[in-house]
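J.: Chain by chain, the residues:
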Amino acid sequence: MIFDILNLIRNHHNSIKPTPLLRHSNLSSQSFSEYFNELLEKGLIKEITDDNERKFITLTDKGFKYLEKYKLILGFIEEFEL
Amino acid sequence: MPPFHLIDPTRLVVEIGYTLIIVFLCFSIYYKTRDLYDLTKYEGIKYFRITFLFFGLAFLFRFISVFVMVMGMTFDFEISRYLFRIFPLVFNGYFSTMGILSLTYSMIWKELQIKHMLIVSNAIAIIISGIAFFSRSSEILIEAQAVLLIFTIIMAIYFYIRSRKISQLYILYVLFFLFWLVNQLALGPRRFIPFEFQTAFQLISIAVIGIIYQKVSKWTI
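Chains as they are written, first to last, in this note's numbering: chain X, 1 to 82; chain L, 1001 to 1221.
Hint data in this document are derived by calculation from the structure and do not stem from the laboratory. The beta carbon of each residue, even a glycine, is placed where N, CA and C say it ideally should be. Among the clues, some could well be false.
Stated by the list, open to error - Listed below are the simulated SDA-like cross-link pairs for lysine to any residue, each with C-alpha atoms no more than 20 Å apart in a straight line:
{"#": "1", "chain 1": "L", "residue 1": "Lys1218", "chain 2": "X", "residue 2": "Leu67"}
{"#": "2", "chain 1": "X", "residue 1": "Lys42", "chain 2": "L", "residue 2": "Arg1034"}
{"#": "3", "chain 1": "X", "residue 1": "Lys65", "chain 2": "L", "residue 2": "Ile1114"}
{"#": "4", "chain 1": "X", "residue 1": "Lys17", "chain 2": "X", "residue 2": "Thr60"}
{"#": "5", "chain 1": "X", "residue 1": "Lys62", "chain 2": "L", "residue 2": "Ile1142"}
{"#": "6", "chain 1": "X", "residue 1": "Lys71", "chain 2": "L", "residue 2": "Lys1215"}
{"#": "7", "chain 1": "L", "residue 1": "Lys1041", "chain 2": "X", "residue 2": "Tyr35"}
{"#": "8", "chain 1": "L", "residue 1": "Lys1032", "chain 2": "X", "residue 2": "Glu81"}
{"#": "9", "chain 1": "L", "residue 1": "Lys1041", "chain 2": "X", "residue 2": "Tyr70"}
{"#": "10", "chain 1": "L", "residue 1": "Lys1110", "chain 2": "X", "residue 2": "Ser15"}
{"#": "11", "chain 1": "X", "residue 1": "Lys69", "chain 2": "L", "residue 2": "Lys1115"}
{"#": "12", "chain 1": "X", "residue 1": "Lys62", "chain 2": "L", "residue 2": "Lys1032"}
{"#": "13", "chain 1": "X", "residue 1": "Lys42", "chain 2": "L", "residue 2": "Tyr1037"}
{"#": "14", "chain 1": "X", "residue 1": "Lys42", "chain 2": "L", "residue 2": "Tyr1213"}
{"#": "15", "chain 1": "L", "residue 1": "Lys1041", "chain 2": "X", "residue 2": "Lys17"}
{"#": "16", "chain 1": "L", "residue 1": "Lys1110", "chain 2": "X", "residue 2": "Glu78"}
{"#": "17", "chain 1": "L", "residue 1": "Lys1110", "chain 2": "X", "residue 2": "Phe80"}
{"#": "18", "chain 1": "X", "residue 1": "Lys42", "chain 2": "L", "residue 2": "Glu1043"}
{"#": "19", "chain 1": "X", "residue 1": "Lys71", "chain 2": "L", "residue 2": "Tyr1213"}
{"#": "20", "chain 1": "L", "residue 1": "Lys1215", "chain 2": "X", "residue 2": "Lys46"}
{"#": "21", "chain 1": "L", "residue 1": "Lys1041", "chain 2": "X", "residue 2": "Glu41"}
{"#": "22", "chain 1": "X", "residue 1": "Lys62", "chain 2": "L", "residue 2": "Lys1041"}
{"#": "23", "chain 1": "X", "residue 1": "Lys69", "chain 2": "L", "residue 2": "Arg1034"}
{"#": "24", "chain 1": "L", "residue 1": "Lys1032", "chain 2": "X", "residue 2": "Gly75"}
{"#": "25", "chain 1": "X", "residue 1": "Lys69", "chain 2": "L", "residue 2": "Gly1044"}
{"#": "26", "chain 1": "X", "residue 1": "Lys65", "chain 2": "L", "residue 2": "Tyr1031"}
{"#": "27", "chain 1": "L", "residue 1": "Lys1218", "chain 2": "X", "residue 2": "Glu34"}
{"#": "28", "chain 1": "L", "residue 1": "Lys1110", "chain 2": "X", "residue 2": "Glu79"}
{"#": "29", "chain 1": "L", "residue 1": "Lys1041", "chain 2": "X", "residue 2": "Arg23"}
{"#": "30", "chain 1": "X", "residue 1": "Lys46", "chain 2": "L", "residue 2": "Thr1040"}
{"#": "31", "chain 1": "L", "residue 1": "Lys1115", "chain 2": "X", "residue 2": "Gly75"}
{"#": "32", "chain 1": "X", "residue 1": "Lys65", "chain 2": "L", "residue 2": "Asp1035"}
Said to hold, decoys possible - Partial selection, computed: residues in chain X whose CB lies under 10 Å from chain L:
{"#": "33", "residue": "Pro20"}
{"#": "34", "residue": "Glu38"}
{"#": "35", "residue": "Leu40"}
{"#": "36", "residue": "Lys46"}
{"#": "37", "residue": "Ile48"}
{"#": "38", "residue": "Arg54"}
{"#": "39", "residue": "Phe56"}
{"#": "40", "residue": "Lys62"}
All chains should be modelled from the sequences, with the hints used to inform the complete structure.
T.: This is how it looks when you write it as structure tokens:
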């Protein structure tokens, strides 16, 4: 799910408002909120505000790295049955 | 008269080589998995990697104990019992117990979900190494860790029954723990394992951790 959310942000030119992200993620508000906070805490995404006070969500460098290494991460977890 | 293999300097060279290789492999596994853990903060990866940090440190302290024993016998000088024999044993016991508990938990954390597992592991490791300290005996340490090994084997069997699949990884881990215990026997007063068998076990344990290292390298840069 983390991969899906990050991928959504990347596919929207790395800039998406919270509401469309929620809609595209097909999650309930509560679940989305939990994942969103987790991604913020882990430093994979950040919120930015434009000049018109509108909030957007973007990937951090760490978020991009996570997407790049996603297959490696999955493979490692499966290899070692973690 | 001391057992002949303890005054053989070949043993020291073999122990140095063995320790260097194993410590290098353990610390390399810990270092190589750093990125994966930093990105995901995944619990299983955390316990997997700290296992090898703890075992690397345990092997270092094990070597200190063996070195002191061999040097004392070979060159016949008085060594402070507490400083150079008991403390390495205690640290060896603490780190190796933490290693065993961490690796076992990395396999079963999804089923058990123990809160504050690090605190629980530390408490168990401190108790076991405390017992080793007060008993001044590596045998108690070996027996306590043998109990942990039995627990790991039971978990492996349990998961086999559930999934009907033999996990090669669990077999590797059980072998790794078993060879660790055999290595610990070198620290006991009886030291009944002949040097040649000891060396064979050490070579096999290098192969086991080498396989784990190779699997880690496949998924990390």
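J.: It remains to establish, for every hint, whether it holds in the given structure.
T.: Structure-based check of each hint:
As the CA atoms of Lys1218 (chain L) and Leu67 (chain X) are separated by approximately 18 Å, the hinted pair is consistent with the 20 Å bound. Between Lys42 (chain X) and Arg1034 (chain L) the alpha-carbon distance is near 15 Å, which keeps this suggested pair within the 20 Å criterion. The suggested pairing of Lys65 (chain X) with Ile1114 (chain L) is violated, with an alpha-carbon distance near 30 Å, which exceeds 20 Å. Restraint check for Lys17 (chain X) and Thr60 (chain X): satisfied, since their Cα atoms lie roughly 15 Å apart, inside the 20 Å limit.
This hinted pair does not check out: Lys62 (chain X) and Ile1142 (chain L) have alpha carbons roughly 43 Å apart, beyond 20 Å. Between Lys71 (chain X) and Lys1215 (chain L) the alpha-carbon distance is near 15 Å, which keeps this suggested pair within the 20 Å criterion. For the given pair, Lys1041 (chain L) sits about 14 Å from Tyr35 (chain X) by alpha-carbon distance, which is consistent with the 20 Å threshold. Between Lys1032 (chain L) and Glu81 (chain X) the CA atoms are separated by roughly 18 Å; this keeps the pair inside 20 Å, and the hint holds.
As the CA atoms of Lys1041 (chain L) and Tyr70 (chain X) are separated by approximately 13 Å, the hinted pair is consistent with the 20 Å bound. In summary, the hint linking Lys1110 (chain L) to Ser15 (chain X) is not supported, as the alpha carbons are separated by about 34 Å, beyond the 20 Å threshold. In summary, the hint linking Lys69 (chain X) to Lys1115 (chain L) is not supported, as the alpha carbons are separated by about 29 Å, beyond the 20 Å threshold. Taken as a hint, the Lys62 (chain X) and Lys1032 (chain L) pair is honoured in the structure, with Cα atoms around 17 Å apart against an allowance of 20 Å.
Of the supplied pair hints, the one linking Lys42 (chain X) and Tyr1037 (chain L) holds, its CA atoms being roughly 11 Å apart against a limit of 20 Å. At most 20 Å may separate the alpha-carbon atoms for a hinted pair to count; Lys42 (chain X) and Tyr1213 (chain L) exceed this at roughly 27 Å. Simply put, Lys1041 (chain L) and Lys17 (chain X) have alpha-carbon atoms about 26 Å apart, too far for the 20 Å limit, and the pair is violated. Among the hinted pairs, Lys1110 (chain L) with Glu78 (chain X) is consistent with the structure: their alpha-carbon atoms are about 14 Å apart, no more than 20 Å.
Of the supplied pair hints, the one linking Lys1110 (chain L) and Phe80 (chain X) holds, its CA atoms being roughly 13 Å apart against a limit of 20 Å. Our distance criterion of 20 Å between C-alpha atoms is met by Lys42 (chain X) and Glu1043 (chain L), whose separation comes to about 13 Å. In summary, the hint linking Lys71 (chain X) to Tyr1213 (chain L) is supported, as the alpha carbons are separated by about 19 Å, within the 20 Å threshold. Among the hinted pairs, Lys1215 (chain L) with Lys46 (chain X) is inconsistent with the structure: their alpha-carbon atoms are about 34 Å apart, more than 20 Å.
Under the criterion of a C-alpha separation no larger than 20 Å, the hint pairing Lys1041 (chain L) with Glu41 (chain X) is consistent with the structure, at around 10 Å. For the proposed pair Lys62 (chain X) and Lys1041 (chain L), the alpha carbon gap of about 12 Å is at most 20 Å, so the pair holds. Of the pairs offered as hints, the one joining Lys69 (chain X) and Arg1034 (chain L) holds, with about 13 Å between alpha carbons and a cut-off of 20 Å not exceeded. For the hint pairing Lys1032 (chain L) with Gly75 (chain X), the CA-to-CA distance comes to about 15 Å; that is within 20 Å, so the pair holds.
Proximity of Lys69 (chain X) to Gly1044 (chain L) is assessed by CA-CA distance (about 17 Å); at most 20 Å being required, the pair is judged to hold. For the suggested pair Lys65 (chain X) and Tyr1031 (chain L), the alpha carbons sit about 18 Å apart, so the restraint of at most 20 Å is met. A hinted pair counts as satisfied when its Cα atoms are at most 20 Å apart, and Lys1218 (chain L) with Glu34 (chain X) does not qualify at roughly 33 Å. Pair hint Lys1110 (chain L) plus Glu79 (chain X) holds up; C-alpha atoms about 16 Å apart against a cutoff of 20 Å.
With a CA separation close to 26 Å, the supplied pair Lys1041 (chain L) and Arg23 (chain X) exceeds the 20 Å bound. At roughly 16 Å between alpha-carbon atoms, Lys46 (chain X) and Thr1040 (chain L) fall within 20 Å of each other, so this suggested pair holds. In summary, the hint linking Lys1115 (chain L) to Gly75 (chain X) is not supported, as the alpha carbons are separated by about 27 Å, beyond the 20 Å threshold. Of the pairs offered as hints, the one joining Lys65 (chain X) and Asp1035 (chain L) holds, with about 10 Å between alpha carbons and a cut-off of 20 Å not exceeded.
Using the Cβ-Cβ criterion of 10 Å, the hint placing Pro20 (chain X) at the interface with chain L is not satisfied: the shortest such distance is roughly 25 Å. Hint status for Glu38 (chain X) relative to chain L: holds, with the closest Cβ pair at about 9 Å, below 10 Å. The criterion of a C-beta within 10 Å of any C-beta in chain L is not met by Leu40 (chain X), whose closest approach is roughly 13 Å, and the hint is violated. Using the Cβ-Cβ criterion of 10 Å, the hint placing Lys46 (chain X) at the interface with chain L is not satisfied: the shortest such distance is roughly 16 Å.
The criterion of a C-beta within 10 Å of any C-beta in chain L is not met by Ile48 (chain X), whose closest approach is roughly 21 Å, and the hint is violated. Violation of the interface hint for Arg54 (chain X) is found here, the shortest Cβ-Cβ separation to chain L being roughly 29 Å, above the 10 Å cut-off. A cut of 10 Å between beta carbons decides the hint on Phe56 (chain X): the least distance to chain L is about 23 Å, and the hint is violated. For Lys62 (chain X), the interface hint holds, since its Cβ comes within 10 Å of a Cβ in chain L; the closest pair sits about 7 Å apart.
Hint compliance for this structure: hints 3, 5, 10, 11, 14, 15, 20, 27, 29, 31, 33, 35, 36, 37, 38, 39 are broken, all remaining hints hold.
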